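Chains as they are written, first to last, in my numbering: chain A, -15 to 445; chain B, -15 to 445; chain C, -15 to 445.
Treat the hints with care, as some may be off.
One copy or two, it doesn't matter: identical chains are merged, so the pair holds either way.
Unchecked claim - Below, simulated DSBU-like cross-link-like pairs (lysine-lysine); rule was C-alpha separation at most 35 angstroms, straight line:
#, residue 1, residue 2
1, K204, K180
2, K103, K31
3, K31, K204
4, K110, K204
5, K180, K103
Note that these hints are calculated values from the structure, not bench results. Since the structure is predicted, the reported quantities are computational estimates derived from the model, not experimental observations.
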Amino acid sequence: MLTAEQNQTLTRTGPGTPMGDVFRRYWMPALLSRELPRPDCPPVRVKLLGEDFVAFRDSSGRVGIVEPRCPHRGANLFFGRNEACGLRCAYHGWKFDAAGQCVDIPNVTPEVAQRLKHKATIRALKTAEAGEVVWAFFGEAGDAPPVPDFEYAAVPSSHRFVGKKLQQCNWAQACEGGLDTAHFSYLHAGINEGRKVGLHQVGRALSESDDGTVEPPRLKRLRWLIEDGAPRFTALSHAAGLLLCAARTADDEQLYWRMTQFLMPNHSLTPGNFPEDTALANTWVPIDDTSCWIFCYAWHPDRPIEDRERERLAGGSGIFAEVDDDFVPIRRRENDYLLDRDLQRTASFTGISGISEQDQAIADSQGPIADRTQELLCQTDLGVVRFRELMFRAVEDVRRGVTPLGAHDAGAYRVRSGDTVAAGDLDAEEVAQERFGDHWGRPLDAAISMSKEATPAPGTL
Amino acid sequence: MLTAEQNQTLTRTGPGTPMGDVFRRYWMPALLSRELPRPDCPPVRVKLLGEDFVAFRDSSGRVGIVEPRCPHRGANLFFGRNEACGLRCAYHGWKFDAAGQCVDIPNVTPEVAQRLKHKATIRALKTAEAGEVVWAFFGEAGDAPPVPDFEYAAVPSSHRFVGKKLQQCNWAQACEGGLDTAHFSYLHAGINEGRKVGLHQVGRALSESDDGTVEPPRLKRLRWLIEDGAPRFTALSHAAGLLLCAARTADDEQLYWRMTQFLMPNHSLTPGNFPEDTALANTWVPIDDTSCWIFCYAWHPDRPIEDRERERLAGGSGIFAEVDDDFVPIRRRENDYLLDRDLQRTASFTGISGISEQDQAIADSQGPIADRTQELLCQTDLGVVRFRELMFRAVEDVRRGVTPLGAHDAGAYRVRSGDTVAAGDLDAEEVAQERFGDHWGRPLDAAISMSKEATPAPGTL
Amino acid sequence: MLTAEQNQTLTRTGPGTPMGDVFRRYWMPALLSRELPRPDCPPVRVKLLGEDFVAFRDSSGRVGIVEPRCPHRGANLFFGRNEACGLRCAYHGWKFDAAGQCVDIPNVTPEVAQRLKHKATIRALKTAEAGEVVWAFFGEAGDAPPVPDFEYAAVPSSHRFVGKKLQQCNWAQACEGGLDTAHFSYLHAGINEGRKVGLHQVGRALSESDDGTVEPPRLKRLRWLIEDGAPRFTALSHAAGLLLCAARTADDEQLYWRMTQFLMPNHSLTPGNFPEDTALANTWVPIDDTSCWIFCYAWHPDRPIEDRERERLAGGSGIFAEVDDDFVPIRRRENDYLLDRDLQRTASFTGISGISEQDQAIADSQGPIADRTQELLCQTDLGVVRFRELMFRAVEDVRRGVTPLGAHDAGAYRVRSGDTVAAGDLDAEEVAQERFGDHWGRPLDAAISMSKEATPAPGTL
């Protein structure tokens, strides 16, 4: 539970806000590389952290993300021509390169143009491309650290699929949903004859093998998710964020562990994957305070993403929503996510089709900006609580001039998430060691850890 | 004419407003029973008096109207599952009964759940069903008086038809339209060769007999409505509101009386019916300050509503609008009520089809909240003036801790409205006595009455 | 560049604003005469200068533009009946004539009606019709000067075509676009093999003769427009505004001059026409501070507008947009003006079809109200700068009780604009003399003139 002021601090990321200052110390996914498919292709509008930009790919392939306002008379450069290594304003032909330099002023004499150009520089973000995503650094470009070294960006493109989707609420509540694997036992549950069962409509994506027969191990895990709806959470901190570990009772006195990564300030690697499975991750990038882009990444460290899986992801599956050409989900707030009450009665806990859409609906339902001044947090909200603590620490760090966690440590982002079944007497650190072993990119910094037995009293979180 | 402050007092009914406090002392129609057709049917959103709720019918048939916010993390219970005598949140499965008690918290240990449940009670309105309408008491549930004893709720369901429709303006101006039978001579008039005539398109509903021939008595009344456009109003006060009597010149030195009931704080029984006719009534329930639900009731004390009449009402006739599945009128503000200027020229005073839609258009046209600081009231506005006086008196009563008129007197609502033709020398009380006689549920309290000759000077009302 | 306060002064024209006071000293085009095609035709809503009105043509053909609120109970007179020389309120039949006098109150006794009528006068604008346009004077009707004597209004209707179109931004930036012929070299340019060429899609309207062959002189002018993108501006002031002259290099040491009229406070006669061509003009009338109607006039002093040209203008050509039945452009903000990026790459500088739509898009793109506190003005913005000076002078004049420029001088509006090719050593005044000669309605008052050589330093304008 937060004060109204804390809630405001957590959720506002516009220019000049404390959390906005934090976000401007980190690289942000700005758009998909495929939104700018070719040199000199059409410019696109980009709104992020409450600020408007125009993005374009110049003749050399370099991406510019610049303020949209021509300094001459304020026309919008979105309507400009992307030509010969620059974006030319449609009104009087003033031209700007990807770094924001004014390179041509054709409606005055050459002498006047020479004097005017240096006054006509426009703001340009520092940009980079990694993992088929265009990243932007919204702070002072001179201070930009290296781009975080995500594994999904390091694998060959054949091993990767990326996308994005619109979320019509504040970024933080959507991100909190990603750190809360407890809801999997409810929000994503199926219904059979009135009782919760393995997940509805995730069947095909998660539990079907290529020849159509069902693999028993996957069904087992779904059963454990349903049978134990009160997982025990442990949060392990490290150099870029948190490893959030949730243990559920499995068979034979074993525990089923789902381990989620939170990476500062707005990334998560999801649980749900065993070592042989495709890995998944998200970034929640604020558009403004009441909407965000959720970037979605799927990758496999060792093998290509097959065409069939790629098609499934592109059409909406797991964390990937079914979206239109503007990356707006087909099932969304305006149409109540095509909620089917008959389906809810007979086959799905929510009646909404799609894991992603179920997450989206419940986050939207918390309001444009969730009110955290009235909450009853419990043990399964540990990840949410630790996330908020890290975000507030980062605000304090930036305020004091200290580099916030992970911002200058690109290598700390080379981590993994995933599931495992382990002996019942191992603690979270031991399980993580066993699960990730030498697959784990860097040693855990276990400075803050909680025993899995510790269940904080509700309300004290 | 009101001051700006009085107009604000009259029209605002949100939490904490003076008129909101008045409304919260009375039972309110909240939704139609058929919107929750079966036990465990889908929950529906309800917004009334500026407050959001979720309504559901539990397994036992009991209706719950509860705040929509799950106290755990603020997800909206509209997306919940209505199952086994409770509404279960889609996020983590917390479950609430129709009284707002939290009856299950499955994502923590049973011991923690036990401690948490009592903190997790949510607000629930006291509810009742009468006349195929779900009523709610928005005040402290312990204080709820009996539900008002409307005749339409007392007759067998075969004798009754109920509906509702959206009005896109403040409740009070729409209600005032219902208390002003003078406008019938204009707003609802037909046009024939450039002159006002009997009502356009009400013909079928009001003046056609079952075999298709027209009954002369009904045509006569329409003629009187048109011929005398300046009816004389008398307001008789009683224990739940006002009987508003409007006299028009009829034939042979008789008067044609239309008598409307206003019942505190937002009900009206309409004039227009002779003893053998179906009776009609409305309630205007604020959704917020710029829209309201108008509940519509048709009933006959002595006989069933025939299928043919029932179909006509369901499709839009008289006070019933033609509405879509969400009870939004087909002809509405956004499409200018499908106003047909040719029709207006040749056949209808307004060019808008439907009595209800004509009323709706003119009320909307007064603005989202009518400005009553500039008015030129005249004698036919007497009902409007008396209505405002009663509403302000109720505000004062509630402020002083006094029960407002009718709030604890369910029996006072067993009254009737209707038309009659009477000798020209009878006054309103004598005519009401003659018209309602032993059909009148309780004696009139005639403490405040005005002679029908008294025509207050314009502007002094 | 303006201060924030100056920008507010320039752009706000609602009641009580300084610029609103200026506009209320001049006649304004309010609607097209054909929007009220017949006596007693349907009334129409008119919103201008932030104020709502209802316009109607009475039985005698006289146009009334009255406040929409019935003084009785505030119903909107738009829903009224236009009958027998007056507009009758749909609620209780109160009736008003075109001058705002209440002429009937039928719902009270004749005696009361007599007393009430004189209190029930509603505001009515003084109106006039000229050039198939209904003009309104928004100030005190008694002070109304004669309607400005535009040539387009003086020619026979066979020689004229008028229209209007919605612009979804503040009036002043759209008007400034009309005073800036420099943008013609960019915004309206065509593209051929990557280079700017003669204008895309203006070809048909501007450069095709009746038999389909292209006239070389017109192609020449298009070439000059493209080849010289830095025209030299001179502003000549006169009794109703400014003659703005822009010189471009032509062939054989001649100059190609485009001369635009700005007429206080919101009219422009466009350049682009040689003496044999159809003349064109615009008025920008604020609807509110973020939208305006642009009235469009085409006329020929000496010959009829042929059917073929008339059809072309009606369908959208040159300054005439392709509009729907409500005068809303088909290509507009909501659909990004159907911007075609392929077209932009291969054939059109903007990718937007239509001169009018290109102007519209770029003005919209400056924002709902352009921010003039950040600009880099240069020599081609001289017209914009002089326009702002005149507008601020008018604000000052009105503040001091002085009649603003042109407001009482109807004859000063009988001026012309147009193009010419002249010897390179003539200055703007000499060229204007040569171009307009005895066609020029009144002598130029050349009190303020700038030499065409003077190129003010950027930023000092």
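Tested hints:
Taking the shortest Cα distances, K204 and K180 sit within 35 angstroms of each other inside one copy (14 angstroms), while across copies they are farther apart (67 angstroms). Proximity of K103 and K31 under a CA criterion of 35 angstroms is satisfied intra-copy only: 25 angstroms inside one chain copy versus 41 angstroms between copies. In this assembly of identical chains, the alpha carbons of K31 and K204 never lie at most 35 angstroms apart, being 43 angstroms within a copy and 43 angstroms across copies at closest. In the homo-oligomer, the alpha carbons of K110 and K204 never lie at most 35 angstroms apart, since the shortest distance is 47 angstroms inside one protomer and 45 angstroms across protomers.
Taking identical chains as interchangeable, the C-alpha atoms of K180 and K103 lie at most 35 angstroms apart only when they sit on different chains, with a minimum of 26 angstroms there against 65 angstroms within one chain.
The structure fails hints 3, 4 (numbered hints given earlier, in ascending order).
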